[in-house]
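Chains as they are written, first to last, in my numbering: chain A, 76 to 333; chain B, 18 to 377.
No lab work stands behind these hints, which were simulated from the structure alone. Please note that the accuracy of each hint is not assured.
Stated by the list, open to error - In silico DSS-like cross-links for lysine-lysine, where the CA-CA straight-line distance does not exceed 30 Å: (1) B:Lys251 / A:Lys131; (2) B:Lys251 / A:Lys148; (3) A:Lys276 / A:Lys290; (4) A:Lys168 / B:Lys367; (5) A:Lys208 / B:Lys367; (6) B:Lys363 / A:Lys168; (7) B:Lys251 / A:Lys248; (8) B:Lys355 / A:Lys208; (9) B:Lys251 / A:Lys208; (10) B:Lys276 / A:Lys168; (11) A:Lys168 / B:Lys355; (12) A:Lys208 / B:Lys276.
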Amino acid sequence: MAEPLLDARGVTMRFGGLKAVDDFNLVLGAGELVGLIGPNGAGKTTCFNMLTGVYKPTSGAITIAGQPTAGLKPHQISRLGMTRTFQNIRLFKEMTVLENVLIAAHQHTEYGMAAAVLKTPAFFSEEDALAAKATDLLRIFSLDAKAGWEAGSLPYGEQRKLEIIRALATEPKLILLDEPAAGMNHRETEGLMETIAKIRKDFSLTVLLIEHDMKLVMGICERILVLDHGVTIAMGTPEQIKRDPKVIAAYLGTDAHA
Amino acid sequence: MTDAAPSPQTRFRRSFLAPTATFAVLLALGGILDRTANGYTQLIFLFMFVNMILALSLNLVNGFTGQFSLGHAGFMAVGAYVSGYLSVLTMGVGARLMFLPQPFEFLNFPIFAVAGGLAAAAAGYLVGLPSLRLRGDYLAIVTLGFGEIIRVVLLNTKAVGGARGMPGVPAPGELVVGDYVFSPFFMNYLWAAFWLTTTFFVLWRLVRSTHGRGFQSVREDEIAAEAMGVNTTKMKVQAFVISSFFAGLAGAVFASATKYLNPSTFQFTKSVDAIIMVVLGGMGSLTGSVIAAIIVTMLPEFVLRPLQEYTGVDLRMVIYSLLLIIFMISRPQGIFGKAEVTDLFKRLTKARGKDGRTSA
């Protein structure tokens, strides 16, 4: 049997007396597109932060492609083939759009400092190849025309798109998208979702997607995991989730609250 | 837009042009100074080169990597004392050791300067490895403390003169071409210009490579950089070590230019001078650092001092401080911000184009 790409077991995060995420379990096989939803403060981003190594889980174990991530730094986890985007956009704002994408290729760059300082032919060849590759990626969201812009000067929606491109440039097997459609209008969101589905096919990616908008997740995800107050309250196909009374209660409130 | 880019081989060969031309222009200036300027003016020019190298090196850490180091004088001191000590040992009055004999004696100094730079880099590694896990103010305090430790150690080391200092640091070894012997000033100047050119182009190229982009990603957002697979700790230590190396070179040039080393030269205020130059020129602008170093060195000597002689009142520090305050209020990002002088040329030529549009 093929090893799961991501395997999180009993992952728990405590901040002092608060259990932000309790007993989180998730197994992702290659090529899946799974949604992670839940009301505000349910612990979705905390899950991402634990998976990517920004937070060290209080207990539980995570493996990526069979590699336990305990004790690894975020960049080492990223190099296992898992990368992410951020809910509150974290671009390298004062660098150009192209440079943002190039930094993600940093780990794959082979020339050394001496080659860069002496500007050897190898340096030029590799830089050209990197720039060409980065420009190809920028074309996905038609950002190639703005390659020379400062990333911080892009409109909001394009900054979100650039974050996805930057993540792709690390050549991941698994990509975690944290509310990629936040702040977009309905039409933009639909376009984005189509692109995500397309990228997933073209790059044979596995995608874990945090999204607020239930409708949107229902449209493209094969499986959905619902968190509420750090507890997994449901896991299943969109059809199952739609009918789950616990999910409905979490989103709309129970009778007692209503 | 442009024709097909030239091959990597062609660009590699062309890449020697700019450094060579820069060095040649600097040498020509040195030849003029050697013949026309008095010893005092000559010394000011050497100090200017020292300041340029120092500011450039600090810009890598403070400007490009976004870390705040306050102990750069310490690394400069390490380079100065190592290079100075080796020079005294081999070329000083009554030297008992010989390193390179004539006609290669002129190569003594650059080798000692590299030794000083490497010693400073080693010191940078020792300080950087544990302290670069700290951020912002904490890093500033640790580096500040380190700079003081170096100074106090030098103050109490008898072998290098302790508080009395180390006199008699000789000029770089003689260079004899045919019958012509280059003056000690010109030899000092030659190596100062050489190291300045080296420092500038090494840093310029480094920050425009994947390594430099790594440094800048640390400045921009450490969490995002890590998520993109950038080893931020390694980046910070690398930047710190490289920066320390060049600070050590600045120290070596300083040692042979002044002929006399004293621990009190490398006080905290020297580190602050370096920071002033980096901030004035623009954090993340190498040409900015060069220009700021020129201003900071030349303004007191050639504008403020004559002013004092004319008015009879010592207003130097008042005017100097006022200028800095006004500057920080009106242009806090420094003269150039993150732009380089070359960007200004590009903008000018673009503005002259048909529609005058510039991207971003």
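Just to be careful, I want the Cα atoms of Lys363 (chain B) and Lys168 (chain A) compared with a cutoff of 30 Å; is the pair within it?
The hint holds at about 22 Å.
Is the Cα-Cα distance between Lys251 (chain B) and Lys131 (chain A) 30 Å or less?
Given pair Lys251 (chain B), Lys131 (chain A) holds - Cα atoms ~21 Å apart, limit 30 Å.
Restraint check for Lys355 (chain B) with Lys208 (chain A), where alpha carbons must lie at most 30 Å apart: holds, 26 Å
#### Entry: Satisfaction of hint between Lys208 (chain A) and Lys251 (chain B), Cα-Cα up to 30 Å
holds, 26 Å
Inset, instruction - Given the hint that Lys276 (chain B) pairs with Lys168 (chain A), test it: the Cα-Cα distance must not exceed 30 Å. - result: violated, 46 Å
Keeping to a limit of 30 Å between CA atoms, is the pair of Lys208 (chain A) and Lys276 (chain B) held or broken? violated, 54 Å
### Message
Would the hint linking Lys208 (chain A) and Lys367 (chain B) be met if the CA-CA limit is 30 Å?
### Response
Holds: Lys208 (chain A) and Lys367 (chain B) sit about 27 Å apart, inside 30 Å.
Agreement of Lys168 (chain A) and Lys367 (chain B) with the hint, judged by alpha carbon distance not exceeding 30 Å: holds, 24 Å
Problem - Pair hint Lys251 (chain B) and Lys248 (chain A), alpha-carbon separation not exceeding 30 Å - result: Roughly 25 Å between the alpha carbons, so the hint for Lys251 (chain B) and Lys248 (chain A) holds.
query = For the pair supplied as a hint, Lys276 (chain A) and Lys290 (chain A), is the alpha-carbon distance within the 30 Å limit?
reply = With a Cα-Cα distance of about 22 Å, the restraint between Lys276 (chain A) and Lys290 (chain A) holds, given a limit of 30 Å.
(Q) Does Lys148 (chain A) sit within 30 Å of Lys251 (chain B), going by the straight-line distance between their CA atoms? (A) holds, 12 Å
Pair hint Lys168 (chain A) and Lys355 (chain B), alpha-carbon separation not exceeding 30 Å:
Answer holds: Lys168 (chain A) to Lys355 (chain B) is near 13 Å, not above 30 Å.
Of the numbered hints given earlier, the model fails hints 10 and 12; all others are met.
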